[in-house]
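Asks: Sequence:
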Amino acid sequence: MRLEFVVKVMTLCGVLVVGGILAGVLLGDRLKGVDPFNITTFAWVMAGFITLVSKSLFVGEWPWRDFLRGRVPCRSVSELERVTGVDAQDIMEYLLAKESYTILDTKGPFNRLFTRRSTDGFSIDVKMELRTLVASGIIVVKVATHMGPALVCLDIRTGADGRFMVKHDDGPRKAERILGCFEFPEAFNEKEDVPLQELTESMSWTRILGVYHRPYKKFR
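According to our numbering, the sequence shown is numbered sequentially starting from 3.
Hints are not guaranteed to be accurate.
Label pairs and their computed distance ranges (CB to CB) [as the list claims (entries may be wrong)]: (1) S80 - S120: 10 to 20 angstroms; (2) R77 - R175: 31 to 41 angstroms; (3) W66 - M149: 50 to 60 angstroms; (4) V55 - T86: 17 to 27 angstroms; (5) E178 - M12: 49 to 59 angstroms; (6) P217 - G110: 43 to 53 angstroms.
List of simulated lysine-lysine pairs, DSSO-like, C-alpha gap at most 30 angstroms [stated by the list, open to error]: (7) K176 - K109; (8) K144 - K109; (9) K109 - K10; (10) K220 - K144; (11) K220 - K100; (12) K129 - K57; (13) K109 - K220; (14) K57 - K109; (15) K220 - K169; (16) K169 - K100; (17) K193 - K176; (18) K129 - K109.
Hints are computed from structural coordinates only; laboratory data are not their basis.
Just so it is clear, the structure is predicted and the values come from calculations on it, not from any experiment.
The beta-carbon is built from N, C-alpha and C at its ideal position, and this holds for glycine as well.
Using the sequences and the accompanying hints, generate a full structural model.
Replies: Spelled out as structure tokens, the structure:
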């Protein structure tokens, strides 16, 4: 809720509108060569400008109905972070951990870890860090393949139906959804993000190397 913010904005605009009218009425012909109602017009334009700027500070679209009630409809992680002040990683951790208990659909560009996706869903527009995945119940395991090291995601979230265990000499089964990172050796560089992909049956591994642990590594 941003009711206090809306009240301040509307009060300021109200003062400008009323002040502009009073200036036009009270000044009259006291200012030679100046139409006092130009001051009124300027004050009204300023009030409108302030209102429009205020409506675009937090979200891209803020309908008048919600604006006047002090409610901010957030459509993405970044908007929700700006409005609430809660860190984006904490927001995504909650959404990911509670996905099986909510009806929220998500959309990209970084929503690959979510199972319910829709073109008009809530936008996951911030890259997740490894610490966020782990805290929500997704463990990333490093495995060895014939092409080099790769990553496989284990989903141990409550209510999730993803792969929750991994074995040596293993791989995705038919129609099984497993996320990971294969054939992207540059992803292991310190400054590179990890591109997640849905693994196919041909993407198998020969042995487990251990749990991948770089807390602030970003996934996309």
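Asks: Against which earlier hints does the structure fall short, listed by number upward?
Replies: 6, 9, 17
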